[in-house]
Amino acid sequence: MGTLILSNVARSFGDVVAVRDVSFTVPAGATFGLLGPNGAGKTTTMRMILGILVPDGGTVTWDGAPVDYEIRRRFGYLPEERGLYGKLRVREQIAYFGRLHGIIPPDDAKRAAAWIERLGLGAYADRPCAELSKGNQQKVQIACAALHGPELLVLDEPFSGLDPVNAETLLELLRGLQRGGATLILSSHQMWQLEDLCESFGVIAGGTVRAGGTLPELRASWPTRIVEVEPVSDALRDVLDATPGAKRLPQGDRPTLAYEVPSDADTAGLLRRLVAAGDVTRFERVEPSLRDIYLRAIGAAA
Amino acid sequence: MNATAVVFNAEFKRRITSRPYLVATVIGALSVILLALLPKLFGSALGPDANHIILVGDPRLTSVAAKLLAKDFTVAARRTALGGTPDSAYLEAHGRVAAVAVLGRDGERLRVLIYARDPSAFGGAFGRDLAPLQIAFSTGMSVADIQRHAVVAVEVRGVGGRFSNASAANAAKGIAYLFIILLYVAILLNAQAIMASVAEEKTSRIAELLVATIDPTQLLTAKVLASAATGVIQLAVWIAAGGAAGGAIVGIFGESSSSSVPLDLGPIALPPGEILTLVAFFLVGFVQYAVLYAAAASLINRTEDLGAVAGPLVAPVVLGFALAQFGVLAPNSAAVAIFSQIPLLAPFVMFARIAVASVPAWQIVLSLVVNLTVAVALAWLSGKIYRVGLLLYGRPPSFAQVMKILRT
Chain U
126 MGTLILSNVA
136 RSFGDVVAVR
146 DVSFTVPAGA
156 TFGLLGPNGA
166 GKTTTMRMIL
176 GILVPDGGTV
186 TWDGAPVDYE
196 IRRRFGYLPE
206 ERGLYGKLRV
216 REQIAYFGRL
226 HGIIPPDDAK
236 RAAAWIERLG
246 LGAYADRPCA
256 ELSKGNQQKV
266 QIACAALHGP
276 ELLVLDEPFS
286 GLDPVNAETL
296 LELLRGLQRG
306 GATLILSSHQ
316 MWQLEDLCES
326 FGVIAGGTVR
336 AGGTLPELRA
346 SWPTRIVEVE
356 PVSDALRDVL
366 DATPGAKRLP
376 QGDRPTLAYE
386 VPSDADTAGL
396 LRRLVAAGDV
406 TRFERVEPSL
416 RDIYLRAIGA
426 AA
Chain F
60 MNATAVVFNA
70 EFKRRITSRP
80 YLVATVIGAL
90 SVILLALLPK
100 LFGSALGPDA
110 NHIILVGDPR
120 LTSVAAKLLA
130 KDFTVAARRT
140 ALGGTPDSAY
150 LEAHGRVAAV
160 AVLGRDGERL
170 RVLIYARDPS
180 AFGGAFGRDL
190 APLQIAFSTG
200 MSVADIQRHA
210 VVAVEVRGVG
220 GRFSNASAAN
230 AAKGIAYLFI
240 ILLYVAILLN
250 AQAIMASVAE
260 EKTSRIAELL
270 VATIDPTQLL
280 TAKVLASAAT
290 GVIQLAVWIA
300 AGGAAGGAIV
310 GIFGESSSSS
320 VPLDLGPIAL
330 PPGEILTLVA
340 FFLVGFVQYA
350 VLYAAAASLI
360 NRTEDLGAVA
370 GPLVAPVVLG
380 FALAQFGVLA
390 PNSAAVAIFS
400 QIPLLAPFVM
410 FARIAVASVP
420 AWQIVLSLVV
430 NLTVAVALAW
440 LSGKIYRVGL
450 LLYGRPPSFA
460 QVMKILRT
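Going down the list, the sequences are from chains U and F. Quick note, the first sequence lines up with residues 126 to 427 if you use this note's numbering. Quick note, the second sequence lines up with residues 60 to 467 if you use this note's numbering.
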């Protein structure tokens, strides 16, 4: 198992700069979430990690060495645009990708059978892939990517197109790979799934990393916190309005007073002042969610 | 296992068990057998006997004429008079003869009127054979004397030892034509199979998954090798079918097919050297076309676009095929010799030359070296296009963009 390091990686296509300057490190056995809007450079970054694209600048190393074909055979990849040989049977398809990654027969067939069992594809094992539903095809692709027990598994939007049940199956599967010590890199628009799986994150926009680190680190660097207070009363509102740096947020239909306060605000002191001013039935200091951090990082929310 | 070997095995298995390949191989074999057998079958059973005739006229005249015509025609019957103008029914009623020739004398002139099913089949040989009779009428000499004086001792010797006689040379031409067709079909079919395979991987997005594991050049190499192997097998099946048909002709008709069948496919008529040359030029030609087809296929986004990119690539195959016909007719002309060195055309033209003439060894070696070098260069250039093209989606690149890819 190795550590993946991207240092100042860049890649252009003609006049279009897809990745301007991306750097991050994924320690051995860690799970890294790559976030960013469409066209941010996530897929290009992933392709450079896998050596599909050669960076115009910067380096990608695995365990201190440039990623060559020998190393790449120990990686697994689930691209955003899925593909299968339509006429090839499920069992043959999975075994073929196993062999491509260095699994020697008859081990390829044994592992394919195990993955078919694990993914509940037994009824389809000898059917051509084109006859499978989209969800089942996706399972086959995941098996193709993970059959050889990759040291690094790169999954580009792995949850897209999956129904909640299959998404949960995939989550369980990825947790299993985590427990097995695999290093994972995922991109997804499903923030909650990434928040659940990943230990660290990188937010890419415009071809650069806008924010990166573990969730506590990202939260620590967040400049504000939300304070929610109930019930709604003039006395409590007066206290909150008088708090330095506090900014009232739209109340909407909720019976809650919501204020954005600086992250270093003395919330314990604020609570004491509120209790002194009137009855407080609820006081909560809300940590920013991954979604909040993401939106702020890409500049869609201030 | 090496990734190239994995792809080669998978591609080979996929191709050799694919329905289109099996159908093409079987149909090709049947076509070769039919090509070999049909002339014999048509000649003996299906149609009228092309050289069977009825002579009509004075018995003394038709008797002499029958002897003169014997070397080119079989006189099925002699009659003194016709009941009317002969028609098809008349010909059918007289043992499926091809023509009725009415002979008569008008002073010093021999008059011949032929009623034939196929008028183009009579004339030259008929007139030549009866020339002594005409001379006899004009000069008063006997036909026997004229024949004796008219004998010219002509001996034809093959130069360079390629063929010992005209019959062998004609048989070789037949083989050359057939093999050019086989080469044409095999190259086209198998190169297009690669094209379809690349297009499938590109359009179904498997390509991205593959190039994450294996270098695109290795991938392309494995595909070309697998398809070349299946192509050689296909050729071998077709040649074996032809050989079997040739053997069957000898067995059934009790004679070498070369004397009567235009496409001689008997085992004796297929020297190992020619087969090896055929395979060598098939492989060289196949690689040249296969890599070009693969590169073109890597640039498309929809299988519907295959035809558009394949069109221009078919042109040199057709041109090579057409030039090879001239190669058979004039194997040592300067133009043919030059075409037999030009990449993409040479596989067809050089093979045609080798089949019918004694081509200087240096020309064969030069052609192989030139074409092999160009095949490697094309593979390298196509590999560059393929590497980029596989991941290129959206609008197909313009010619200028392709040139830019090649320069990078």
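It is worth saying that the hints were derived from the structure and are not from the lab. Glycine included, C-beta positions come from ideal geometry on N, C-alpha and C. It cannot be assumed that every hint is accurate.
As the list claims (entries may be wrong) - Which chain U residues face chain F? A few, computed with CB under 10 Å, are given here: (1) 209; (2) 213; (3) 227; (4) 231; (5) 315; (6) 423.
Evaluation of the provided hints:
Evaluation of the residue 209 of chain U hint against chain F yields a held restraint, the C-beta minimum of about 7 Å falling below 10 Å. The closest approach between the C-beta of residue 213 of chain U and any C-beta of chain F is roughly 8 Å, which is under the 10 Å cut-off, so the hint is satisfied. With a least beta-carbon distance of about 7 Å to chain F, the hint placing residue 227 of chain U at the interface is held under the 10 Å criterion. For residue 231 of chain U, the interface hint is violated, since its Cβ never comes within 10 Å of a Cβ in chain F; the closest pair sits about 12 Å apart.
Interface restraint check: residue 315 of chain U against chain F, minimum CB-CB distance 21 Å, threshold 10 Å, status violated. Below 10 Å, beta-carbon pairs count as interface contacts, and residue 423 of chain U has none with chain F, the closest being about 24 Å; its hint is therefore violated.
In summary, the numbered hints that this structure violates are 4, 5 and 6.
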